[in-house]
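Trainee: Residues per chain are reported as follows:
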Amino acid sequence: MTLPLALLEPGGNLATALYIVSFSLFILGVRRGTHPTTAKQGNLLAAGGMAIAIVTTLLLDGVGNWGLLILGLAIGTAVGVVASMRVQMTAMPQMVALYNGVGGGAVALIAWSEFRHEIALGIEIPLDELVPILFSMVIGSVSFWGSNIAFGKLQGLIPGQPVKVPGQQVLNAVLLVGIVVGCVVIGVTNDDPSQGLFIAILLAAALLGNLVVLPIGGADMPVVISLLNAFTGLAAAAAGFALDNVALIVAGTLVGSSGTILTMEMATAMNRSVANILFAGFGGAPAAGAASTEERPHRSISAQDAAIALAYADSVVIVPGYGMAVAQAQHAVKEMADELERRGVTVNYAIHPVAGRMPGHMNVLLAEADVPYEKLKEMDEINPEMPRTDVAVVIGANDVTNPAAKEDPDSPIAGMPIIEVSDAQQVIVIKRSLSPGFAGIDNDLFYRDNTSMLFSDAKAAAQEIGAEVQEL
Amino acid sequence: MDLITEITIFVLAAFVGFEVISKVPTTLHTPLMSQTNAIHGIVMLGGLIVIGLADDGLEYTIGVIAIAFGAINIVGGFMVTDRMLGMFARKPKPKPKPDASSASRPGASGSEEG
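Chains as they are written, first to last, in the working numbering: chain A, 14 to 485; chain B, 3 to 116.
Source of the hints: derived by calculation from the structure; they are not laboratory data.
Virtual Cβ for every residue (Gly too), placed ideally from N, Cα, C.
If a hint is listed, it holds; no wrong ones were tucked in.
Below 25 Å or equal to it, Euclidean Cα-Cα: the simulated SDA-like pairs (lysine to any residue) are: (1) 25(B) - 277(A); (2) 390(A) - 284(A); (3) 25(B) - 387(A); (4) 388(A) - 27(B); (5) 25(B) - 11(B); (6) 25(B) - 50(A); (7) 177(A) - 286(A); (8) 25(B) - 278(A); (9) 390(A) - 85(B); (10) 25(B) - 393(A); (11) 25(B) - 286(A); (12) 390(A) - 24(B).
Which stretches of chain A does chain B cover? Using the computed rule of at least three CB atoms under 8 Å from a CB of chain B, they are: (13) 80-87; (14) 382-396.
Every beta carbon over 12 Å from chain B, so not counted as near; a handful from chain A, in silico: (15) 136; (16) 165; (17) 169; (18) 182; (19) 204; (20) 220; (21) 312; (22) 321; (23) 341; (24) 422; (25) 438; (26) 448; (27) 476; (28) 481.
Bound conformation, chain A alone (with noise of 0.2 Å):
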């Protein structure tokens, strides 16, 4: 084996000091994150801070296998830069949760492979490397499926409903039971641990992964992908410790902190416990009504009559939801938007924090549309301006406009916070059908006396509307 640099020594000071140096860019690159305008350079940062911990790493005593070391590096960075350039952005949240997912892989299999190495030395394997190795594997094998999983339903390779199968929380928790035990016994026999049974928790943990994220629903995908973005943080940390590595410590105690804080605000603004997200297969969307759907007066609207409602306004209020997403229709929202401020009407976009499939989904397509930033108003900020808005435009957002979680104390949803548009003078509903939403709920908005439903595909209608409003 060559060493053809072998420059630093491993926990040497000198490469300490530059992962201490890495580590601080990547606080920094998240510190910048907090600005738009900032949020470029902090992410150059944080990057700049990864090239430093890698060439760091390759530069310690003790790398070798180079031909291999490379041939996996151009395969990964081949994979990543043509996945990046290529992916849509109303595709960006199956984009990170398969990044997720990977990264969760990478952490299993260098558990695994270390562990290997411990065997092989024929000692004792001390604790505070064996306890690591095995939390690293376990979750990283969890995260890398069940990130795969949500990739899945995300890309609508297997079906966005929540997939049941019987006695699920039963095997779960004796999944969970034998993984534990498992590693247990690994710990306890770590003079001579046997690597079958290593083996055997790694597909255990698998199998969790796929069986855990199966049963959720399309749309709490947000949470899903930030609970195990949390998690392959954390396992990044464990290996770490099982390898002593300060920068894979902070950077991925980082990316824990990162994870579970949107988790949980992701989880407060639907009223629910991450548990009950995990857990509860909300949204067992068929059979929750679709039989006694009985036809319930409604009025219905035409683009042409939209548009002069909405000519009309002085103030408007767009409420974008996953269906924008799907027909991909920011831009024709966005020059809808355009011919009405031309008009002088002022036009605002009103974002709940679980619209679309991943926290912020709504922001980055209207930012790739070129809507200023300073338009895009969170929930407690537009609801006090809903009495005065003259029109409120609903384009595929469903359950995070109904008035049932407000007024409703039965309803599934109650007490999740809503974007108020029943308070607008009127409501434009841009949507294929009266169809409920994901949580298989009815929405009592499209029977209000000032709603009015435009039937139609989010794109199409918002471009006849934009067309219309130019021709008066």
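Starting from the known structure of chain A, arrange chain B on it as the hints suggest.
Mentor: For chain B alone, kept in the frame of chain A given last:
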């Protein structure tokens, strides 16, 4: 590094993380997630280290896959974040707007940074 030092670093990093991340506005949560996602690709360092210790076919394979996965995570993550943030950074052209009631936009100048 002894365990207690590592735990100290871990706990302090968790506090720093919570402080810094909670200041990120919801508008930027998708790029934030994507950027932190890229940052946990740092596990690839572990792959770079363990592949040096590998000495049979299985470990070579595990090592290459781990490094490739890590590299996808890092390269893809940072690049895609950069693409997204490029969209936020692009400022609207300063066009004379009919003075709508809420037209005051702060900090219109000096927005193009490095």
